[in-house]
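Taken in order, these protein sequences are the chains called A, B, C, D and E.
Residue numbering for the first sequence follows the working numbering, starting at 1 and increasing by one per position.
Residue numbering for the second sequence follows the working numbering, starting at 1 and increasing by one per position.
Residue numbering for the third sequence follows the working numbering, starting at 1 and increasing by one per position.
Residue numbering for the fourth sequence follows the working numbering, starting at 1 and increasing by one per position.
Residue numbering for the fifth sequence follows the working numbering, starting at 1 and increasing by one per position.
Derived from the structure by calculation, the hints contain no laboratory data.
These numbers come from a predicted model, not from an experiment.
One should not assume that every hint holds.
Identical copies carry no separate label here, and so any pair may be met within one copy or between two of them.
Unchecked claim - With a straight-line Cα cutoff of 27 Å, these simulated DSSO-like cross-link-like pairs (lysine-lysine) come out: (1) K171 to K263; (2) K171 to K187; (3) K38 to K192; (4) K317 to K263; (5) K115 to K70.
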Amino acid sequence: MLVNCVAYTEGHKLADIPVEDISEYVKRPNCFVWVALKDPEPSELDRMQEEFGLHELAVDDARQGHQRPKIEEYGDSLFAVLQTIEIKDDELTLGEVDIFVGPNYILSTRRKTQKGFVDVRARCEREPHLLQNGSGYVLYALMDAVVDRYFPVLDELETALERVEEQIFVKNAARSNIEALYSLKQKLMMLKHVIDPLMEAVSKLSGGRVPQICTGMREYFRDVYDHLQRLHASIEGLRDMQTTAIQVNLGMINLNETEVTKKLAGWAAIIAIPTLIAGIYGMNFKNMPEYDWPYGYYLCLTAMVGFDVLLYLWFRKIRWL
Amino acid sequence: MLVNCVAYTEGHKLADIPVEDISEYVKRPNCFVWVALKDPEPSELDRMQEEFGLHELAVDDARQGHQRPKIEEYGDSLFAVLQTIEIKDDELTLGEVDIFVGPNYILSTRRKTQKGFVDVRARCEREPHLLQNGSGYVLYALMDAVVDRYFPVLDELETALERVEEQIFVKNAARSNIEALYSLKQKLMMLKHVIDPLMEAVSKLSGGRVPQICTGMREYFRDVYDHLQRLHASIEGLRDMQTTAIQVNLGMINLNETEVTKKLAGWAAIIAIPTLIAGIYGMNFKNMPEYDWPYGYYLCLTAMVGFDVLLYLWFRKIRWL
Amino acid sequence: MLVNCVAYTEGHKLADIPVEDISEYVKRPNCFVWVALKDPEPSELDRMQEEFGLHELAVDDARQGHQRPKIEEYGDSLFAVLQTIEIKDDELTLGEVDIFVGPNYILSTRRKTQKGFVDVRARCEREPHLLQNGSGYVLYALMDAVVDRYFPVLDELETALERVEEQIFVKNAARSNIEALYSLKQKLMMLKHVIDPLMEAVSKLSGGRVPQICTGMREYFRDVYDHLQRLHASIEGLRDMQTTAIQVNLGMINLNETEVTKKLAGWAAIIAIPTLIAGIYGMNFKNMPEYDWPYGYYLCLTAMVGFDVLLYLWFRKIRWL
Amino acid sequence: MLVNCVAYTEGHKLADIPVEDISEYVKRPNCFVWVALKDPEPSELDRMQEEFGLHELAVDDARQGHQRPKIEEYGDSLFAVLQTIEIKDDELTLGEVDIFVGPNYILSTRRKTQKGFVDVRARCEREPHLLQNGSGYVLYALMDAVVDRYFPVLDELETALERVEEQIFVKNAARSNIEALYSLKQKLMMLKHVIDPLMEAVSKLSGGRVPQICTGMREYFRDVYDHLQRLHASIEGLRDMQTTAIQVNLGMINLNETEVTKKLAGWAAIIAIPTLIAGIYGMNFKNMPEYDWPYGYYLCLTAMVGFDVLLYLWFRKIRWL
Amino acid sequence: MLVNCVAYTEGHKLADIPVEDISEYVKRPNCFVWVALKDPEPSELDRMQEEFGLHELAVDDARQGHQRPKIEEYGDSLFAVLQTIEIKDDELTLGEVDIFVGPNYILSTRRKTQKGFVDVRARCEREPHLLQNGSGYVLYALMDAVVDRYFPVLDELETALERVEEQIFVKNAARSNIEALYSLKQKLMMLKHVIDPLMEAVSKLSGGRVPQICTGMREYFRDVYDHLQRLHASIEGLRDMQTTAIQVNLGMINLNETEVTKKLAGWAAIIAIPTLIAGIYGMNFKNMPEYDWPYGYYLCLTAMVGFDVLLYLWFRKIRWL
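Modelling step: build the complete structure from the supplied sequences, incorporating the hints.
Spelled out as C-alpha cells, the structure:
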C-alpha cells in the first residue's frame, strides 16, 4: 500500500507526485523523491524496481522479508534492512523496515509494524536545513526513529528482571521466577538478534570508508551507532544478570529443599519419641511396676509432652523448625 | 557415476558432450563445460583430473571425502567443499559436494546426498543472461542451492526447541525434555560444523580481494554470505536457548524433588498422628480412665480423624499437599 | 549552575570572567577558558553552545544525560562523557561528567555527583608548567580524577567478596552468601559498564592517530588507560571469582542437604529399633516365655538402650551423626 | 641415537654419510642432508649444532624438551617443535619432534615416541619429483605425518563420548559416566594443547609472508593447516558436547534422586497404613465391638491388604512406583 | 636500599661506582651502568630520577607500586613493571620488580621479594659476549629470570589439581575437594593477572616494530614470550579443568545424596516390616487363632527375620544397600 510519494528540492516539499512520475523526478538535479510503502504487494515492488532501477537481489530480499538487519551497497545506492520490535500484552512482535536509498531517492517499505514513520517525515519537513542533505539525511532520520523505538522495549525487559530480582530470595516463588527468567531470555535473544547485526552494519556508515550517500553525515550515523552500542551493552548486561539469576534461583530451590527436609526431620522426631514411649508401655511383661502406679498413665503422658517440648525448643534453636 | 556433461557458450547449452572431448571444449574461447558426477569412483576422478588438469591435492580431498567445508584457490582455479544436510526420520545425514571451478569449466561431485542439482542446471539454462557470466555464476548457483537447503533443517530444530519449551514447565516431562535437549544439541553442533567454516570461506568471495573467477559476482556471493550469517545467528541463538533450557530443566527437576519431599512429609504426618494416638491407647497402665468410658473408642477415632482433617487443611494452605 | 568560569594564559590564571565574555577570550591567542557547570539547566547549556560554538549532537547528549562513556571528535574539538560512581550506605550511585574540549576552551558539566573537581583545578593552578599544555592537559587532569575515584569503589567490592569467601564454607550461611553474591554481581556489572567503554575510548587518545588537542600528552593518557586496564582486569577477576563462588555455594547447599539427610536417617534408626522391640513385646501370643521372666522388662529396656548405644557409635564412626 | 644421516641431490639419495662429513655436504650446491635422531644425548645435539651451525636458543629448546608446539624463524632457517600423541591402554602419552630446517639440511629429533618416521623417508625417496623441492618438502612430509597421526586419537575420543552418550540416560550409570566424562575432558585438553598452538604456527607457513624455505610449498602447508583446522573444530565440538553431557548427567542424577524419594514415599505409605490399622486394633478400650466379631481379625487383615492394593495401584498410576 | 651500582664497558665490569658518579658514567660512550635497588625509599628514587633523568610518570608508578605488569616506552627509554610470585606455606605472595632501561643504563628495583637477582648479574658477567649487547640484554636476562620463577609456582598448582583429581570420585571428600578447588581458583587468578599482561607487553618486544634498545635481541625476547605463552596455556588449561572439577564434584555430592536416600529407604523398610508384623500380633481381637498356637511366637519371629533377610538380599541386588 502506498503511504506517501513526495518530491523534495533543497529541503522543501515540492509536491505529492503520482507513482508514474517518479522516474522523471529522480532525473532532475537538486531534487529527491521519498516514497513510503506499507505491507507492499509484489506488484508494487515490481513497479518501484522499475521506476527507481533497483537491484534484483535487493528487491528479492524486500519481497521475501524475514531478513536479518543489514546495510548493503549496490553501486552508489544502499539497501538497508531494519527490524522493529513492538510490545503488545507482554509479547514482542517483529516487524521489518526495508529502505532503498539512492543519491536522489529514498524508498521505505514497512511490514507488520503498528507504528508508521509519518512523524519522521513531519520532523524532516520542519527542519529544511537538515533535509537539504538529501536522501542520506532521510536514511539517518528513519534509522534514528527505528533505533529510538528499541529503548522502551529494553526498559520493559529491565523492569521484568527487576520484578524477578525482588522475588528471587522469597520462598515459593522459584517456579514463577524460573518461568519469568526463561521468558526474559527469549525476549533478550530476540532483541539481540535485531540489534547486533544492525550495530555491525551501522558501524560501516560512521567509520573508515563511508558510502557516497552518507558522506557529511558521519557524526549523525555515529550517533545512531552510539545508541546501538548502548542497547547492545544493556542487553549483554541483562543476559549476564539473567544467567546469574537462574543460578541463584537454583541455589534457592536447593536451599528450600534442605529446609523442607529439616522440617520433616524435626516433626518426625517430635512424633516418633512419644510413639516409642507408648510402644514401651504397650508391652505385655508381667512384671512392669509402672503399670500399677496410680498416676503411671499421667506421668507417662507428661513425659511424652515434656520430651516433645524439649525437642521443639532444640529444633528451634538450631533453626530446623 | 556421470550425471551430466554439457558444454555451454554465451549462456546457452551447446551440446551434451562425451567425457573424452572435455579437454578439447575447455580450450575453446567463450565456451565452458559443466560436468556433474555422483558418488564418483576413483577412476572417474582420475579421468577428470586428466581432462581438466586438476591439482593433485584437491583431487585427493575429493577422493577421500569427509573434509570440512572450505574454498581453496589453486592458481586461477577454485576448489570448494560443501556439506549437505538431509533430514530423514528425525535423523540428520551429512553429504558432501565438491566443486572444481576453472575459468571455463565447472565440475561438481556429490556424495551421500538424496537430492541432486538438476533443478539448478534447469534454472541456469532458463536464465542465459546470468549463465553467460560463466563458471563463476554456476558456482554461485550451486552454493546458493546447497545453502538454501539448510533452512528447512534449521526450521526443524527450531520446532524441536519449541516442543521442548512447551513441556519445560510441565511436571514429569523432565526426562523426555532432557533427552530432547541433548539430541537437539547434537544436531546443532552438526549444523554448526557445516555452516561456520563455509561462512568463513564464502566471506573471501564477497569482500576484499576476490578470485578472478568470481569478479563481477560479488553481490551474488554476498547474498550467499548473508544467508549463511542468518543461519549462523539462528544456530547461535538456538544453542544459547538450549543451554538455558537445560539449566531451567535442572531447576524444575529440583523443584519437583522439593514438592515430592513436601508431599512425603505431609502424608507421613497425617499417618503418624493417629498411629501415635493408637499407640497411647494401646498402653497397659491399670489406671487409664478413658478405657472405661463407654464411647472412649469412638471419641478416640473421632480425635484421629479430626487431627488429620486439620493437618490436611494446614498442609493444603501451605501448599505442601 | 555555574561553578567556575576562568581564563588562563601560559599556565597561569588570568581572571574569573563573566559568561558573556567567553567567546571573546576564546578568540585570543595563547589563552584558554575553563568553565565548570553543575547540574546545568537546558538554558545554561544553550548559552554555552552559543559562546563556544558546540556541536548540536554533543549538546543534545549533554542535555539528556544517561549516555554511555565515550569520547567523540567533532572537527578539531572533543566531546567526552564519563560516569562517576559514588558509594553511599552500601549502594552505588551513578553520576555523569560531560566534557567539551576545544583548542582553547574546556567546559565540564557534572550531574548527580557529590564530589566536585575543585581540587583538580587547584592542583592544575599549582603546576603551571603542566597547565600550559592547555585544554588537553585539563582534559587529562579531569579524567585522571574521575578514574582515580573508581579505585575505592573497587576496593569496596573486593572487600565484599572477601567477606563472602570467609563465610562460604561455613554452615547455614548459604542464604546470606547467595544474596551477597548476587548484590556483588549487580555492582560489578554497573562498574563494568562504566569502565569498559571508557577504556576503549581512552585507548584512542594514547595510541595510533591522536586528536590534535591531545598530542604531546600521549604518555599522560596512556597512564589513564593503564589505570583503566587495571580496573578492568580486577573487575574481570572479581566476576570470575563471583561465578565460582556461586557454584561453590550451590555445592555447599547440596552437601548440607546430604548431611541433614544423614542425620535424619541416623536418628530415625535410633528411634525405630526400640520401637520395633517394644512392638514385639506388645504382641499377644499366649506362649511368650519372656513375659514371665522376672526381669524381662528390665532386660528388654537394657536391650533397647544397648542397641541404641551401638547404633549411635556406629553413626558417629561413619560421620552421619 | 643417530637413526639416519643421508645426503640427497635433485630428489635422489646420494649416500649415507658419516656425521663428520655433514658440514661439507651442506656446503655443496643442489645437495641437502637429512639427519634423524632419536632421544638424542646432549653431546649429539652439540655435535649437530656445530655441523649445521644451529642457533643457541633453538638447540637449548631441543635439549630441554617439554616445549609447546611452535615454528620459529632464525634468520633463513626454521625451528619447528611438534608434539606426538600415542594411545596405549586407554592412556595418552606425549612425545616430541623437533625439526631444524635450513636451506640445505633438515635435522629431526624425536623423543618418547614409539613410532618413527622411516615410512616418511621411504615415501619421499619414492617421489623424487616432490623431494627435489628440498628441505621445505621434507618439513611438510614430517609435519603431515605427525598431524595424520592425531586423527586416530581423536577417533578414540569420539568413540569414548559415544559410549557415554549410550549410557547417559540409563539409570545407575551416572557414576561411571561422570568418571568417563572427566577422563575424556583431560584427554581433550591434552590434544587441544598439542593441536591449537601448532595450527597457529602452521598458518604462518601457508598465508601472508612465507619463510624462504617454504615458498612454492604454500598449497602443501595449507593442506596441513586444513587438517589441523578439522582437528581443532572436532575438539571444540567434543568439548562442547562433553560440557552438555556433564550437565545432562547432573540432571539425571537429580531426576534419579526424585525417583528414589518417590519410591521411598510410596512404600512407606504402603507399610504405614496397615501399621496404623494394627495400632488401632491394639488399643485397649473396653468397648470396642470389632473385637468380639467372629471374623473381626480376618476383616481387619482384608482391610489392610485392600488399602495396600489400592495404594499400590494409585502409586503405579502416578508413576511413583 | 642500594644493592649494587656497577659500570660496564664492552661486556666487562669496569668498577663499582658511587651513586653520585652515575650521571657521569652514563655520558661515556660504550659504557653502561647497572643499578639494583631493593625496597627503595622515595628519596632514593628521587636521587635515581635525577641521576638518570627518568620520566616523572614512570617514577610515580615505581614509587606507588601495585601496578599491573607492563612495558612502556618513554622516548628512547623503557619502563618495565614485572610481578614476582613466591610460594610460602601454600600461600602465594606477590612482589614487584620495576626496571628502567635507557640506552646506557639499567635500574632495577624490587619490592617484597625474598629472592634477588644476584645470580642474574653473575651469569651476565660470566658471558661478556652477550653482555656487550648492553642494557637490552640485561633487560632480557632479568625478565627471563622473573619468568622462569613462575614455572615452579605453576607446578605447585598442577600438583594441587592432581591431588583433588585423586580424591574427586572418593566418597566424603567433597567438602575438602571443593575447598581445595576454590583455593586453586584464587591462586590461578593471581597467576593469570601476573602473566597475561606481561605476555601482552613482551609480544611488543619480539614482533613488529621493536624499541631501539631491544633491536638485535628479538630472538631472546621471543623466547621469553614463548615461555609466557606456555604459562598462559597451562593456566587456561588448569582453569578449564578446575571448572569441570567443580561441576563433577557437584555431581558427586548429588550422587552421594541419592545413595544416602537409598540406604535410608532400605533400612527403613527392614525395620518397618517386622514393626508392622508386631503391630498385627499386638491386636486385641478375640478370635486370633495364631495366639493359641504353641509356637506362634517363634513362627512370628522367624517370619520377621525371614522377611528381613529377603529384603536385605533384594536391596543388595539393586545396590541400595
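Self-check item: Violated hints, by number in ascending order, as checked against the structure
Solution: none
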